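Trainee: Each chain, letter by letter, is given below.
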Amino acid sequence: MGEVRAGGGGGCCPPMNLFRSESMQLVQLIIPMESAHVTVSYLGDLGLLQFKDLNADKSPFQRTYAAQIKKSGEMARRLRFFKDQMLKAGFSPKKSATQADINIDDLEVKLAELETELVEINANGGKLQRAYNELVEYKLVLQKASEFFHSALNSAAEQQSENASRQIGEESLDTPLLLEQEMSTDSSKQVKLGFITGLVPRQKSMAFERILFRATRGNVFLREAVVEDPVTDPISGEKVEKNVFVVFYSGERAKNKILKICEAFGANRYPFSEDLNKQDHMVTEVSGRLSELKTTIDVGLLQRDNLLQTIGDQFEQWEFLVRKEKSIYHTLNMLSLDVTKKCLVAEGWSPVFATKLIQDALQRASFDSNSQVGAIFQILQTKELPPTYFRTNKFTSPFQEIVDAYGVAKYQEANPTVYTIVTFPFLFAVMFGDWGHGICLLLATLYLIIREKKFSSQKLGDIMEMMFGGRYCILMMALFSIYTGLIYNEFFSVPFELFAPSAYACRDLSCRDSTTMGLIKVRDTYPFGVDPVWHGSRSELPFLNSLKMKMSILLGVAQMNLGIILSYCNAKFFRNGVNVWFQFIPQIIFLNSLFGYLSLLILVKWSTGSQADLYHVMIYMFLSPTDDLGENQLFPGQKTLQLALLLLALVAVPWMLIPKPFILKKQHQDRHRGHSYTPLESSEDNFQLGANHDSHDHEEFEFSEVFVHQLIHTIEFVLGSVSNTASYLRLWALSLAHSELSSVFYDKLLMLAWGYNNVIILIVGIIVFICATVGVLLVMETLSAFLHALRLHWVEFQNKFYEGDGYKFYPFSFAWTGDEDE
Amino acid sequence: MGFLVTTLIFVVIGIIASLCTRICCNRGPSTNLFHLTLVITATVCCWMMWAIVYLAQMKPLIVPILSEGE
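One line per chain: the protein sequences are A and B, in this order. Counting from 1, one number per residue, gives the positions in the first sequence under my numbering. Counting from 1001, one number per residue, gives the positions in the second sequence under my numbering.
Next comes chain B alone, as it looks inside the complex (with noise of 0.2 Å):
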């Protein structure tokens, strides 16, 4: 899986759970966009913290090398 798809599984998952938070508490606009913003907030956390750890993976420059004992 590249970065692109796993970045659209985030996208995707983003937009799911958003949709749930709307279907689910509908409690007027202001909180809809309150509920929103938390929810794109979490999925933009989520997907920096992912995305940082899988690019420093991509080219790694170094490698690991097993300790003696294995």
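One chain only, chain A, in its complex shape (with noise of 0.2 Å):
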């Protein structure tokens, strides 16, 4: 499967929309220096070219525009500066109407200008907010200590009273002799004691306390006041919750102790003047200090504020620009440069419908940047295997990241998608049978789909966005799932005589039998779905679940079955011989003898009603397929017919796993002897194609290797085929889940709450039965379904043809550097 015929339509099926991934090409560009940018931003604009990495080599810096990509660097992180200083400031940028055009250059100087602009705003702001917040704090500690003194000095005054009124009262004996001395002496002999007054923060003042007291030895006279209201610290600018204090200390030695603790403690000091006329005096001065300094600031403010509304005006214009640019210089250094250091060489991938667009784009480039010469433009062969491009619209990429989250197809492999569009809603909704529910969907996802406009240019979250990008996809589950519920006949678990009235009717008028031997088949069976009856009989889940069970295999082996017709055709396409006749043939036989049979026999003993016992009848297939089939038999002719399908089994496993690979042993060989033996041709050109091709197709062939390959996946066939089908079992069991708790709700809640004649508790009723349809089943059981589809589709049908090992097409483009920078 190695080889690829680019642009070849053969195969079974003619071109189809992406069945096949687009046709690429690797071209080469040939850009003069002088309009390389311009072509580059044109091409970006295109969106059609995929730029190979010609300097892989070298690192970032030793490429041509390193600067440049300097430059633009430098100019998004001013951009991120001010998008940081726009939310703070709490601005955000608005999409601007005017979309001035603007050169990168002038835009470098402008975005300079600004930020040296915002940054002395900020560092002028920040000094006088700081200048502001340590006055606020000297006012506190003014306030807080004129208190202090005031009220020592009270009581000062009222003990000097007191001790006044004593010396004249009880002048007697006992008065020391010496104490009009003492008290006369005390003045001039007294210690100055110093204070120092500030703020504190207060989860340290504990701990301030201790250690001042420690230090000087408990000569110190601490007081505290508590400040209300948390203060901005100057400092840090955050609010901390002070204290105010004043110490009162004696000699030098204690102050500067103090002074040093008081910086270890990141107490503010403050200034303060035990003169009473100098405090008034200060207080005012401050309060004047504070108002002026308070419309600096605010003026400030409004300053700043300008600024960035004028820059939030045009900031998303310049972020793009910014970003187009960096991008561009990132393509450009992708290139290699010239010998003669005159032109720019580029190699990328494109499709082959885009040719004709590049060479506009390349025109338009070089007449735009007055290039004397144009860009050449040339198509290179290559063996290397072309990237992935599914041309994907909003209905079908939903279904195409599906199968990509699984593996990007291989180069022109058939994909997937195209049948997934329809067969992954058709067997979620086989689990998801419910009309009712299936409505719920669909009213969700149509309004999804009404406000699409709406959604797709805002932002949503990751959920909302995997909703919204699945809409289509949603919308397809919706309506298969009010088909399927048709089929089914629940409608939140309820059935509707819709098409007809019930085919059973009891044996006789009493209607005494139909609890013990049930109703009979009166009329023509129920033309569309599930027979109403049923719901609620004793023999509902025996027969749903013997119907639900067949049905799975059914399903199950006609999608495994695509599943191997498409690997016919890319075996075709590829023009593999080797896979259509020893892998795809054998294939086909293998799964339809065994399960094709199976689901024969469940047809025919639909269709005649027999009683035979299909499990018997497929165990004895194998364990003794000569016996007679006796009371099992379905239709005549069956044991031969069984005969002959378990040989063609059993011949088709060897038939997978020997010839194919000695077929390409074989192949290798001739290939390799053909090749020892062409004749030399001296041109260089085809010199060096031959080189090339010498060291492609030199790759060993290692037999062992190949067969072991061959073994596995024959093994895997042949066993996969059997749990395969066992897999599409979970079709059942699903829809068997679904529809018994739809019908446990409807029962337990619903019913229950109705049959109390009792409006509040209907309420409550209604109420948590709309809970747990929406939770349960609405949320829970659509993404068990939905991942059960994924895993039938990823493994049991992409596993019959699907290579997946391809990489994705990356176009250079601008419409998607958006999201991706960041």
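One or more of the hints may lead you astray.
[Claimed, not checked] Label pairs and their in silico Cβ distance ranges:
1) B/1026 <-> A/383: 34 to 42 Å
2) B/1008 <-> A/701: 53 to 61 Å
3) A/704 <-> B/1005: 56 to 64 Å
4) A/360 <-> B/1026: 22 to 30 Å
5) A/776 <-> B/1016: 34 to 42 Å
6) B/1025 <-> A/705: 30 to 38 Å
7) A/357 <-> B/1030: 13 to 21 Å
8) B/1030 <-> A/623: 49 to 57 Å
9) B/1027 <-> A/803: 28 to 36 Å
[Stated by the list, open to error] No farther apart than 27 Å at their CA atoms in a straight line, the calculated lysine-lysine pairs in the DSS-like style are these:
10) B/1059 <-> A/639
11) A/326 <-> A/71
12) B/1059 <-> A/521
13) A/342 <-> A/71
14) A/808 <-> A/326
15) A/342 <-> A/83
Simulated from the structure, these hints should not be mistaken for lab results. Just so we're clear, the structure is a prediction, and the values are computed from it rather than from any experiment. From the three backbone atoms N, C-alpha and C, an ideal C-beta is built for every residue, glycine too.
Work from the hints to combine the two standalone chains into their complex.
Mentor: What follows is the structure, encoded as structure tokens:
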């Protein structure tokens, strides 16, 4: 399967949209230096060329345009700075209505200017703010400390007067004689008590007090007052709860110690004078300066806001421009410099259909940049595997993403998306069959689709984004759920006689037997879906289980056959006869001789109403194929057919396993021999090509490796066909769980509440029912059915044909530089 | 309505749907083929589902036995 023939329309299928990835070509562009920037910019607008990195061995700093990248990186940094500032100030960048044309060089200068201006404003504002906060603290200190001094003065005066009165009143023998003297000497001898006032954070105040006490050995007097409101710290700018303190000390040494401690505790000190007049004076002065500063700060803020506003108006545009610039230079760095240093050489992949568009863009670019020489466009021949590119639209892209999540398709291999678009929602709906729930899902997704324009422009959350992206997938899922719901005849688990009266009725008028023997079929089969009479009957589960189990097998076998047929399409497309004869044919024989036969038996049993036991038939087909079938015979000649099918299945296994490795070996040898005898041509061009070819072809052919690979492949298929068929039974299990859960919710919540004949209980019951339906059935069940459908597609369907080892086409485009840079 | 009649109805619906897509959004042969494939796949899926359920009820081996309460 290694060979790729580009552009071939061969194979069983005519070219179908989305079935094969776009045919790609490796192109080379030789762009004159002076028009390189414009050219790359136009190609980015076009978005259909994936540049190859021709300088992969060079580090980012060695490349041609490292300086320009650094420059645009600097601009991006400035923009981020503005964005931060705007966020801090509570602005959001608005979409500018006016798309003013702006040169990137002008923008650079402008951004630098704006940045210095903003930094300056911020620095000034910071300084002012700090001064302001200091003044606020000072004012607090002045207030609190003056309270201390005032109260201290009062108490001192009281004491003095008391003393004086005592002196006058109780002058007796007891009075020390030297009292007078003592008191008079007091003032002169008095040690000068100094004091320091300031603010200390409240959390640290205890420790502060303790340390002060220890450091001065108790020779201090500390008073603290709580400041009720948190204070903005001038240094850190944060709101902190603080205490005002006054420390009295004596002596220069104690003062130094205290100052150091204050510093260590981040306690801000403020001068304070004992003099009352001075205090008043200070207070008025500080208040005056505060109001002055306030107005200055306000003016500064207003100026900054204005600046940010003007930046915000054009921010998006600038950001887009800078991103574009950066991505252009990144791309230019991938181009290799010509020897003459006059042109740049670019190589890249582009879809074949884009050739004309790219040539147009090149022409426009060379015209617009007034270049004397136009860019040269040529297509290169290569053996490299091109990238995979599907042109999807909003409807097909979620399905393509489902497939891509498993693996990106190999270049031009059959794309399962074409069938996934229908089979994925269909298998989902088989597990989610209830038309009531389907309608709920439909309404939800219709809401998303109707408000598509609004949602697509705004940023959504993670889950919402996913829902929105897959809205058309959900729409299909909902539509198919409604259909399968009608087939299952369930509307929130309630059946309706929509299409005809039930086919069953009582045996007689009295209807006595209906609970023991059951009803009998009196009319034609219910024309569309499950007969409503089954609902709630005692034989409902056995009937539905048998039906759904068989349905799962039938659907599974059909889908697996489709997968194998797609492998035929692939083999035909890549002209790989070996895969047709030694992979596709034995595979389809093997699968159908076992499980195709089982499906046939199911159909025969249904249409004849036979009582045969299919398990028994299938098991004894292997254990004793020659035995007589007895009562399990469904049709004449069954034994012969079974023997033939068994033989075919047994033959198919070695058919798959043995011939292919030998044929591959022979092919390789032939090619090799032929190659060594071809005459060497003298032309240089051919020589180069030949050299290239040689290196490619000289891969060692390891027979054992190929054989083991084939062995694994065969075992996987043989075992897989059994386990995959069994895996489809999940359709039955999930659908059973869904219908049982919904009928439990209906019976045990809604009907129970209804039975009480009480409005409040009914309302509560309805609310609980709605919550359970939405939470469990519409959210959880949708998810689980989605995951199981996903698995059935990824594993059971795609492993029949899908290689999925390609790589995606990522064209250079400005459309998605937006999110990727972040 | 028998099995064949309803099958015929499915076929007719499928043909009408593919004609509709052909007329409503005619966007070149490859896209038309893609739409046709979608319509055919969808029709076949729906038909299979219906046919399976219909066949299963045609010759019932078990009949509905009503529960005691009803």
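Trainee: Work down the list of hints and note, for each, if the structure agrees.
Mentor: Evaluated hints:
{"no.": "1", "hint": "B/1026 <-> A/383: 34 to 42 Å", "verdict": "39 Å, holds"}
{"no.": "2", "hint": "B/1008 <-> A/701: 53 to 61 Å", "verdict": "56 Å, holds"}
{"no.": "3", "hint": "A/704 <-> B/1005: 56 to 64 Å", "verdict": "60 Å, holds"}
{"no.": "4", "hint": "A/360 <-> B/1026: 22 to 30 Å", "verdict": "27 Å, holds"}
{"no.": "5", "hint": "A/776 <-> B/1016: 34 to 42 Å", "verdict": "38 Å, holds"}
{"no.": "6", "hint": "B/1025 <-> A/705: 30 to 38 Å", "verdict": "49 Å, violated"}
{"no.": "7", "hint": "A/357 <-> B/1030: 13 to 21 Å", "verdict": "19 Å, holds"}
{"no.": "8", "hint": "B/1030 <-> A/623: 49 to 57 Å", "verdict": "51 Å, holds"}
{"no.": "9", "hint": "B/1027 <-> A/803: 28 to 36 Å", "verdict": "29 Å, holds"}
{"no.": "10", "hint": "B/1059 <-> A/639", "verdict": "24 Å, holds"}
{"no.": "11", "hint": "A/326 <-> A/71", "verdict": "9 Å, holds"}
{"no.": "12", "hint": "B/1059 <-> A/521", "verdict": "9 Å, holds"}
{"no.": "13", "hint": "A/342 <-> A/71", "verdict": "23 Å, holds"}
{"no.": "14", "hint": "A/808 <-> A/326", "verdict": "23 Å, holds"}
{"no.": "15", "hint": "A/342 <-> A/83", "verdict": "40 Å, violated"}
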